[in-house]
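Peer 1: Letter by letter, the chains look like this.
6 protein chains.
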Amino acid sequence: MILRIDRLQTQLPPPSDPDPVGASAVQELLGGKFGEMSTFMNYTYQSFNFRNRQGARPFYDLVASIAAEEFGHIELVSAAINTMLTGAAEGEPGTAGALDSVKGTRNTQQFIAGGAATLVQDSNGKPWNGDYVFSSGDLIEDLTHNFFLETGARNNKLKVYEMVEHPAARALTGYLLVRGGVHQVAYARALENLTGANLTKLFPSPRIPTEKIPECQPHIERGEHLKLYRFSPSDFQEIAAVFNGPHPETGEELRIAEEIQPEGVPPFDLPSQPAVFAPGPEPEEIAEIAASLRQAAGLPKNPTGVVANNGGNGVMKKVKDAVT
Amino acid sequence: MILRIDRLQTQLPPPSDPDPVGASAVQELLGGKFGEMSTFMNYTYQSFNFRNRQGARPFYDLVASIAAEEFGHIELVSAAINTMLTGAAEGEPGTAGALDSVKGTRNTQQFIAGGAATLVQDSNGKPWNGDYVFSSGDLIEDLTHNFFLETGARNNKLKVYEMVEHPAARALTGYLLVRGGVHQVAYARALENLTGANLTKLFPSPRIPTEKIPECQPHIERGEHLKLYRFSPSDFQEIAAVFNGPHPETGEELRIAEEIQPEGVPPFDLPSQPAVFAPGPEPEEIAEIAASLRQAAGLPKNPTGVVANNGGNGVMKKVKDAVT
Amino acid sequence: MILRIDRLQTQLPPPSDPDPVGASAVQELLGGKFGEMSTFMNYTYQSFNFRNRQGARPFYDLVASIAAEEFGHIELVSAAINTMLTGAAEGEPGTAGALDSVKGTRNTQQFIAGGAATLVQDSNGKPWNGDYVFSSGDLIEDLTHNFFLETGARNNKLKVYEMVEHPAARALTGYLLVRGGVHQVAYARALENLTGANLTKLFPSPRIPTEKIPECQPHIERGEHLKLYRFSPSDFQEIAAVFNGPHPETGEELRIAEEIQPEGVPPFDLPSQPAVFAPGPEPEEIAEIAASLRQAAGLPKNPTGVVANNGGNGVMKKVKDAVT
Amino acid sequence: MILRIDRLQTQLPPPSDPDPVGASAVQELLGGKFGEMSTFMNYTYQSFNFRNRQGARPFYDLVASIAAEEFGHIELVSAAINTMLTGAAEGEPGTAGALDSVKGTRNTQQFIAGGAATLVQDSNGKPWNGDYVFSSGDLIEDLTHNFFLETGARNNKLKVYEMVEHPAARALTGYLLVRGGVHQVAYARALENLTGANLTKLFPSPRIPTEKIPECQPHIERGEHLKLYRFSPSDFQEIAAVFNGPHPETGEELRIAEEIQPEGVPPFDLPSQPAVFAPGPEPEEIAEIAASLRQAAGLPKNPTGVVANNGGNGVMKKVKDAVT
Amino acid sequence: MILRIDRLQTQLPPPSDPDPVGASAVQELLGGKFGEMSTFMNYTYQSFNFRNRQGARPFYDLVASIAAEEFGHIELVSAAINTMLTGAAEGEPGTAGALDSVKGTRNTQQFIAGGAATLVQDSNGKPWNGDYVFSSGDLIEDLTHNFFLETGARNNKLKVYEMVEHPAARALTGYLLVRGGVHQVAYARALENLTGANLTKLFPSPRIPTEKIPECQPHIERGEHLKLYRFSPSDFQEIAAVFNGPHPETGEELRIAEEIQPEGVPPFDLPSQPAVFAPGPEPEEIAEIAASLRQAAGLPKNPTGVVANNGGNGVMKKVKDAVT
Amino acid sequence: MILRIDRLQTQLPPPSDPDPVGASAVQELLGGKFGEMSTFMNYTYQSFNFRNRQGARPFYDLVASIAAEEFGHIELVSAAINTMLTGAAEGEPGTAGALDSVKGTRNTQQFIAGGAATLVQDSNGKPWNGDYVFSSGDLIEDLTHNFFLETGARNNKLKVYEMVEHPAARALTGYLLVRGGVHQVAYARALENLTGANLTKLFPSPRIPTEKIPECQPHIERGEHLKLYRFSPSDFQEIAAVFNGPHPETGEELRIAEEIQPEGVPPFDLPSQPAVFAPGPEPEEIAEIAASLRQAAGLPKNPTGVVANNGGNGVMKKVKDAVT
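Protein chains in written order, with the working numbering: chain A, 1 to 324; chain B, 1001 to 1324; chain C, 2001 to 2324; chain D, 3001 to 3324; chain E, 4001 to 4324; chain F, 5001 to 5324.
In short, the hints are calculated from the structure, not lab data.
All residues carry an ideal CB built from backbone N, CA and C; glycine is no exception.
Hints are all accurate, no fakes.
Covered stretches of chain A, going by a simulated chain F footprint (3 or more residues, C-beta under 8 Å): (1) 118-125; (2) 161-174; (3) 202-210.
Straight-line alpha carbon distances no greater than 30 Å define the calculated DSS-like cross-link-like pairs of lysine-lysine that follow: (4) LYS4201(E) / LYS4212(E); (5) LYS1301(B) / LYS4201(E); (6) LYS227(A) / LYS1301(B).
Given only the sequences and the hints, what does the whole structure look like? Please build it.
Peer 2: Structure, rendered in C-alpha cells:
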C-alpha cells in the first residue's frame, strides 16, 4: 500500500518559454528503457516478487524503499515536461491555426492525445512497456541489474542535461543525477555486502562527477548525495544494514536520513492550455461547480490544496502572470 | 511523493496447490488493457498532468487519491499470482526435469525470466504498455474514460473469477470487484456533478451485483463497497465533495472513510522456489549475511519486518509447512 | 464508400461442439501477417494510395475490387471463430468455475476481453498491426507483393485446414483456398500483362491443388475458382481487362461474374454465451426493449433482419437447440 | 459482405502546396488510437461478434451500419493525406537530392516505404494495432466504449483542425467533426434507450460546438449533423428504432436519411510522384498497356472510371496543372 | 565481413521423438531478451559502433570476436529447435487432421508460419526486437551490460535445461552454459582490467557450477570453459591482452585457443516435414532439378555439401530412419 | 559458424560535416522492414531452417551464402550512419548545451541511448523485429519472398539515395544498389530454374537502371553487378549451379567470383564523441591501459588492428583532422 503526499521531491522552476521539442527529449527520462518508469517499476515488481523476505530483510527493505522514491521521480519528470509544454497551447480553442506552432514538434501526441502533457513514452514516441522490467528472483542478478539500470539511467540523464537547456529540464536532471547516484551506490554496496565484489570501482559512470554540474550543487550541499530515506512511516528499517560506509567519490559517510522522506515542495498549479482543452470544459465553470460541491460537503469555501502559486483570493491565476 | 506501507490491502490465503495455468490468466488483471497497471497508471498520470488543480480541486483530489489505492491493487494481484506459483518450482536447482511440470504452462516466462513470479504482462503474455494510458486533460473526457475503464476492469475481474478457482484468485477478485465498484461509482458521481449525466444508471455492468458473489461478502459487510479512503496523511480532503449520495445498487450512503487507508494485513513471506533460483544464491547464506549486516548496523538481531507467517525464531520457514 | 450486405459469402455450419483451442489457431487467418486483415488492408490502402488511376484503370479496378471481397473474408473468418467458441461459455454468469473449462485454452483473451469472440490477433495472440501493409505506389512492386501475400496466405490456410478439424474451420478454409487461388491468379495475370513475367508457373504454391481437398469441391463445382466479382454497383468495370485467359491449373477460361457479388447466405444468429456476458445485460430484457423501440419507430413488430436460424415466432432461440 | 462505390463521402480540395509535416499529423486521424481505423474496426468487429442479433436487432443494425460509414472515413483521411503529400516528390527519379526537401519531415516512411502516401500509422509513426479494438459482447459496455471512442476521436479531430491549416486537412476535419458528432449522439441514444442514462448531457465534449467551426457549416446546412444513413441496399432498417429524438445541441429532430448513402463525389486522380516511383514504372507505358488490355477485352477505349479531374482526351494530366 | 563455415559448433543428437511444446520453451534462448539473438546483436552492434578502436584495441577485439561466436549460438539453438520439431509434421500434406497433433502446442506459428521450424521469437511467441540492443559507446557501461546480459542468459539457460528434457535441448544447454560462462568471465576480466572492479566475485550466478551438470562435462573436459577463440583468420589478436588470469571457479588459467575456431561438426540434414510443405514442392522433384543444374554447371554429380547423415548414394534419406 | 574479417566490403568516405537528420533516414536501410537486418536475418534463418539440404543443395548454398554477404551490409550501413553522426557530439562532456544542436534531430536516441551511433531501428525510430523474418520451408515461397524482399529493399535504397546527399549515404546506397541487384537476379534465377517462371522480366524494379546512378559506376566497372562470392572457405560450392546465364539488364554473363569474398577495405577508426561519452571514460586513459595490457600479454607495443586512418605513432587521432 502507499500513501500519497501531494508534494514534489524538489523545486522546479515555474513555466517560462515553452519548449515542446525539448520536452520530447525529456520523455526519455520518463518512458525510455532507462527512464524513471523503468526504475520505479523494476524495483516495485522486484519487491512484490521477493521471496524469503525475512531471511533477506535488509535487501528487501532496500529495494522496496528505493521503489517508493522512484514514484517521486516519475512525478518530477512529468512535472518538468508539463512545465516545458505550458504556454505552447494557449491559443483560442477550436480555431484553425491555434496549434500551428507545434505542428512540427517531435512528439505531436503530447498535444493531440494529451493536453500539452506527459505521455508514457520515450523520446522517440515509443510507449514504455513491461518488457523493461527485470525480476529474476535471484538476488545477485536483480541487484546486478539494478546497478546496471542506474548506470544507464545516469548516462541518459547526462545526455538530456546536455541536450535541453530549458530551466525545468536542468533543474530536473541536476536533482535526478544526485539521487540516481545514491541508488547506484546503494546497489553496489548491496552487492559488495553479499559477495565482496567492489562495483563502486566502476564509479562514476559515465565519468562526470556530479560536483562538476552546477545544477547538482544545491542538492549536494544539503547532503542529498549521501542519504537514503525510508519512505515509509514504519517499515524498511533495515536499509541501514546495507547502506553505509564511505561514498565512492567523496569518501563521506553514507547515512540514513532522519526524516522519513524529503520535505518536498508544493507543485506549481500549471495553468490551462485552452487550445488543447486542458482542462475542459471551461475552467471557470469547473471552478464554480467545485466551489458549490465543497460547500454542500461542508468543506472550506476555498480549495484546500496547497500549490506553489496559491493566490490569496481563492481564484486560480495563470502561473506565468503570477511570476512575471 | 509516496510513502509505502508494507501491508496488503486485504488478506489473501497462503499458498496451497500451485496453479501456474490459472496464474497466467490472472496476469490479465495485472498487465492487461483493463488490468490494475492500467488503472494505476491512468489515474497517476492524469493527476500528474492535471492543470488548474486549485480550480478543480475536488476532481483532482479524487483522481489522485484513487491512483494511490491502485498501487495497492497491483501489489495484491502480484501477491495472488506469486501465491499461485508457489510450489511449482521447488525441485532441485540445476537438475534436468526440475521444471518439467511447467513445460506446458501458458506463460513459461513466469519461470524462465522470473522466479515463479509475476510479469508485467497480460494473460496472453503481451507486456503492458504506455499506450494504455489516456490523459487528455479534458476533465469530462478523462472521467468518461475512467468510468469506462472501471467497467471493462469489472468485466475482466468477473471473467477471471469464473475462470480460476484457486483460492488466491477468488479472494483477489472478490476484493477487487468491490473496490472497483466503488471507483466506478466515484467516477460516475464526478461526471454527474459536472454535467448532470446519470451514468449510475448503467450499473452494474456486467449485470452481476457483487452481493451474489460469496467472496465479495466479507468486504461488503465491512462497508468497503461504500467508502473511499484518502490514502494521504493530509491531502485529498476534497474527495468528500464528489463522493457522496446513495449507492446506485443498494441505496446506502456513500462516505469517506475515517481512516486514511485500510488497516491492511502483513503479506505472507512466500518461500523459496529453488528450481528457479528465487532467491539465489542460497537462502541460508543470505540470511546469515543479513543477520551480520543487521548486527553491524546496530539493528535488532531478528528481522524487523512483519509478515503473516512470522516465525518465533527469526528463521524463515516455508509457508506451506507453516500452514499445513 | 461501401455498402454493407448482411450476408456471408458462403455457408458455414451451425455451432456444434466448441473448440476454443482450434479457434485460437484459426485466428492466424484473421490477424496473422498472412491473414485476411492483411489482404483486406493491403489492397484497401493500395487502392486509396493509387496515383494515376485513370492511366492505370484496369489495375486500379482490380486491386480496389479484390479489396472489397476481402472484407467478406474477415467476416467469414470471424464467423468461423465465433461458431467454434459457441458453447464454451454457457455456464452460469458470475459463478466460480463457469469458465473453468477454458482456463487452459491457448488464447484466454477470447473469453476475458471478448465474449467468446474473435480478436484482432494472430494464432499466438499478437495483435495485427499496420506494419503488415505494403503500399509502395510502384505498380509492379505492389502486384509482386500481392502475389506473394496470397501465396503465403494460401500456405497458412492449408496449415490451418490440416490442423483444425472442426467443421466450421474446414468449411472456412475450403472456401478461402478457392477464392485465395483466384486472387493469386489475378495478381499473376496483372504482372504478366504489365511485364510478360509468367508467375503462373509458380502455381500452385504450396503444391496442393484445390481439387484434392474435399471442402473445396462445392465451390469449384460452382466455378468459384474461375471468376472475379466486381463487388460494386457500377464501378470497377475494367477488371475484365486484366482477369482473363486460362486458369493455370485447369486451363479453363477465367471470367468476370455476371452478378455483382456472390449471392451469399444469411449468417447464423449465434446464441448467448451467458458466462461471458455476451450479450449483456439479460438477452430477454434487451429483446423487450428492442421490440418496444421498434414499435415506437413504426417498424414491424418482429425483427426485420434475416438470419439463417430465423424462428417463426420472433423470439431468439439458441441455435444449437434449433439444429439438434 | 460489402459493395464498394468509388466515391468519397465529401469533397476535398485538389492538391495545392504540399505539406508533409502536416500530413504526418493527420495520420493520427487514420492510425491513432482514436483514429478512423479504430472506429471502423471497432464497430466492424463488434458487429461480427454480435450474439443474439435478432433479439437486439436495432442495436446490431446501428453498430453494423455505422461501421460501414467508417470505411468511408479511412478513405477520406487517406485521400487528405495523399493530397497533402502531392507535389512533395515530383523530382527526377533516381537523382540524388530529389527527395532532399523531405529529409527532415516527421514521417520519412511516407516517402521511403510509400509513394508519397498514407501509412497505417499514427502521428508518431506507430502502426495501428488490433489491441485498439474493444469488443466485449456486453452491449452496455460496447456502447459505452463506442461513446467514449467517439469522444476521444472528436478531441483528436479538433486538435488536428487547430494544428494543420492545409486546405485538405481543414476540409477533412470539418466533415469528420460533423459526422463523428452524429455517431456520438447515436451511441448515447442507444445507451439511453437501454438504460435511461442520459449521456447526451456530456455534450459536446470537448466543449466546441461544431457551429463555431467554419468548415463544418456546409455540412450542417445540408443537415448532415442530424441524420444516419443505412449504408446498405436492404439491411439495417432498425437503426430508426434507436436514432431519433432531439439533437442534444440544437434540439432539431434526428432522422434516418432517405438515401442509402451520401451521394458522394468522385475522387481526384492524384498525379504521379516520380521521385517515389508512384506509380512505376513509367505512367505513360502503363497507360498504353492499359489501353490495349481494355481493347482486347472489348471495353471502351477510354478509362471507364470517373474521377474529379477527368480530362476529355483520355490522357492523365497532372491535377495541379488542371486546377491552376 | 564474415565468412561462413557450414558446421555447428558442437554436436547435437539427431531427431528422436518430437517435442513441440519443449521447442516453444527453447525459443526463449533464441529470441528472448536474454537469448542468443540478443548476445549476437549486442556485441555485433557494439563492435560496429565502437569509436577509437585503435586506442581501445584489446577491448574492441574482445567484443567483436565474441560477437562472431554468438552467430554460432543462434545457429545451434535453431538446430536444436528444428531437431525437436522434426517428426511432428510428417502427415500427408493437404489432408485434414495432418497437423492435429500440434493444434494445442504453445507456439502454433512454428507450424503455420514456418515449416516445423525456428521463429525469431521468445518462449511466449513475442518477436525479438532491436530494443534489446544496448550500445552506449561508453566502454565501462557496455561491458557492465554485457556482463549482466551473460548473467541473465546463464539463468535462462539453466531454466530451460531444467524445463525441457529432450536430448537436443539438454545437449544445447550443456554446451551454451559452458561457453556463456566463458563470456561472463571475459567481460568481468575486461572490467577488472579497466577499473579494478572484481566482478568475478559474483560468480557463478545463478549459483550452479557447470561441473554439477552432466551435459557440460564433455565440454569442460575439452577445456572449453577456459578458452576464447578468435573467430577470425587474422584479426582480433588482442583478445589475449584481456582474457587471461585464473578462472574464477576453478583457478585454471584462461587462454586463447590455438585454433581460430572450434572444429565443429557437420549438421544433420533434417528430413522433410511434408505436412508443412518443408521443403516444397516435392523433395524428389527438387533433388532432380538440383542434380541437373549441378551437371550443367560442371559440378560433381552428387551434392558437395557435408552433413552428419550423408548417405552414400546421393539420395536424401530420412534422418530418423538412418539413425534407428 | 562464422569467421569475421575486420574489413568493410567497400570504401566509405571519412567523416565530414555531420548529418544527424540524414542519418535517421539511413536507419531505414538498417532496421526497416526492407533494411539489411531483414535481408541478413531472413536468409540466415531460412538457411538454419532448411530441410533436405542435400537434395536441394544448390538452393541451400545460394541462400546460406547470400546470408553471409548480408552481414557485411548491416556493417556497412552502420558504418555510414556512424560516419554521418561523427562530429555532432564533440562538445564538452557534462556541459549544458553540449548537445543542443541535436535537440531537434529526428532520432534523439542515437545520442541519448547511443554514443552518436547506429540503433537497430528504422527511419521512424521503430525497432527491427523478428516478425520481419519469413521462413516457410517451402522453397518456392521462400525464394518468391526473397525476390520480393530484394525488390522492396532496392526501392528503399533508391529513396534514401534521393533523400540524403551526405557523401557517406551516397557511397553506401551506390554500393548496395549494385549488390542488391545481384541478389534480386540470383533469386529470380533460382525460381526460374525451379519452375520456369521468368521473374527477370520484372527488372529493374523500380525502373531505375543502376547505370544511371553515378555512385554505382565504380562497382559496375569492377563487375560487382555480375558476380556472387561464396563467402566461405570451402562451403557453398553449388551456387554456381543456380547463378549463371545472362544479366537481365545488360546481357553480360553472371559468374561466381574467384575470390571467396571481396577484398574489402579497413574501416575508418571513428573519433571520440566526448559529449556522448563514446568512448568513455577518457580515451587516453583507456589507450594507456590497453597498451600495458598488450605489453603484459606479450603483444606488440602498438595496436595490431588495421584501420583506414592508422597513424604512425600509435596514438589515435581525430579522423577529421587527419583528412583535412
